[in-house]
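In order, the protein sequences belong to chains A and B.
Going left to right, the first sequence walks through residues 1 to 98 as my numbering numbers them.
Going left to right, the second sequence walks through residues 1 to 98 as my numbering numbers them.
Treat the hints with care, as some may be off.
To be verified - Quick look at which bits of chain B chain A covers, simulated, 3 or more residues with Cβ under 8 Å:
#1 19 to 33
#2 38 to 50
#3 53 to 59
#4 83 to 95
Said to hold, decoys possible - Calculated from the model, a selection of chain A residues having no Cβ within reach of chain B, i.e. all distances over 10 Å:
#5 ASP33
#6 ARG64
#7 PRO86
#8 LEU88
Worth flagging that the hints you see were computed from the coordinates, not collected in a lab.
Glycine residues also receive a C-beta, built at the ideal position from the N, C-alpha and C atoms.
2 protein chains.
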Amino acid sequence: MGFRHVVLFKWKSDSTSEQRDAAIEALRQWGRDAEQYGALTFGTDAGLAEGNWDTAVVVDLPDRDAYLAYAADERHQKMIAEYIRPILAERAAVQHET
Amino acid sequence: MGFRHVVLFKWKSDSTSEQRDAAIEALRQWGRDAEQYGALTFGTDAGLAEGNWDTAVVVDLPDRDAYLAYAADERHQKMIAEYIRPILAERAAVQHET
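Next up, chain A with everything else stripped away, as it sits in the complex (with noise of 0.2 Å):
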């Protein structure tokens, strides 16, 4: 048994593409310093479906405390606040047990 955190994220049209890249950059850096709580593998979409969002986070979490204690991280909540909640124009997320 393990935990997943599932996370989709669309940008706002009118977002540049330096915001974008620094968003995705934000995320790889973000993902090295999760390797604590557990492994989170993101990617931009790949343009096949009409409709699609923009990018996919999934986070493998050890159980439910560690997603708590992910989803806390001063660091995280410091780089949503810089770098994905300004060009965020939708998010969904989903966290269930594996």
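Start from chain A and add chain B according to the hints.
Just chain B now, with coordinates in the frame of chain A:
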């Protein structure tokens, strides 16, 4: 390098628990049928965060072509038409290289 398909569902607020359970069971069956393409993991939201969606599906495939075959599979299309679409309020998806 591999390829990941991430999809989140939000069910209609007037869907019944029987319909939702049937959709989850259909996803479970489809996960077994889809083993020829890759590894499918899914789960129902644990209820830790306000505003979360209901169900997450993550499929890890060897490459983009395997995803296209997975997506087009007739059993997949039938499962979506019979169990997912009737109770679907919102869907968000991203496919990306890993």
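Practice problem: Count residues of the segment 83 to 95 of chain B with a Cβ under 8 Å from any Cβ of chain A, then say if the count reaches three. | Solution: It holds: at least three residues are needed, and the segment 83 to 95 of chain B offers 5 whose Cβ sits within less than 8 Å of chain A.
Quiz item: In terms of beta carbon proximity below 8 Å, does the segment 19 to 33 of chain B have 3 or more residues touching chain A?
Solution: Violated: only 0 residues of the segment 19 to 33 of chain B have a Cβ under 8 Å from chain A.
Quiz item: For the segment 38 to 50 of chain B, does the count of residues with a C-beta closer than 8 Å to a C-beta of chain A reach 3?
Solution: Check passed, 8 qualifying residues.
Practice problem: Report holds or violated for chain A covering the segment 53 to 59 of chain B, Cβ cut-off 8 Å, minimum 3 residues. | Solution: Since 5 is at least three, the answer is holds.
Quiz item: Per the stated criterion, does the least C-beta distance between ASP33(A) and chain B lie above 10 Å, as a non-interface residue requires?
Solution: At roughly 20 Å from the nearest Cβ of chain B, ASP33(A) sits farther out than 10 Å, so the non-interface label holds.
Self-check item: Interface-negative label, ARG64(A) against chain B, beta-carbon threshold 10 Å
Solution: Check fails; 7 Å does not lie beyond 10 Å.
Quiz item: Non-interface claim for PRO86(A): all C-beta distances to chain B beyond 10 Å?
Solution: holds, 19 Å
Quiz prompt | 10 Å Cβ clearance of LEU88(A) from chain B | solution = holds, 13 Å
In the structure shown, a violation is registered for the earlier hints numbered 1 and 6, in ascending order.
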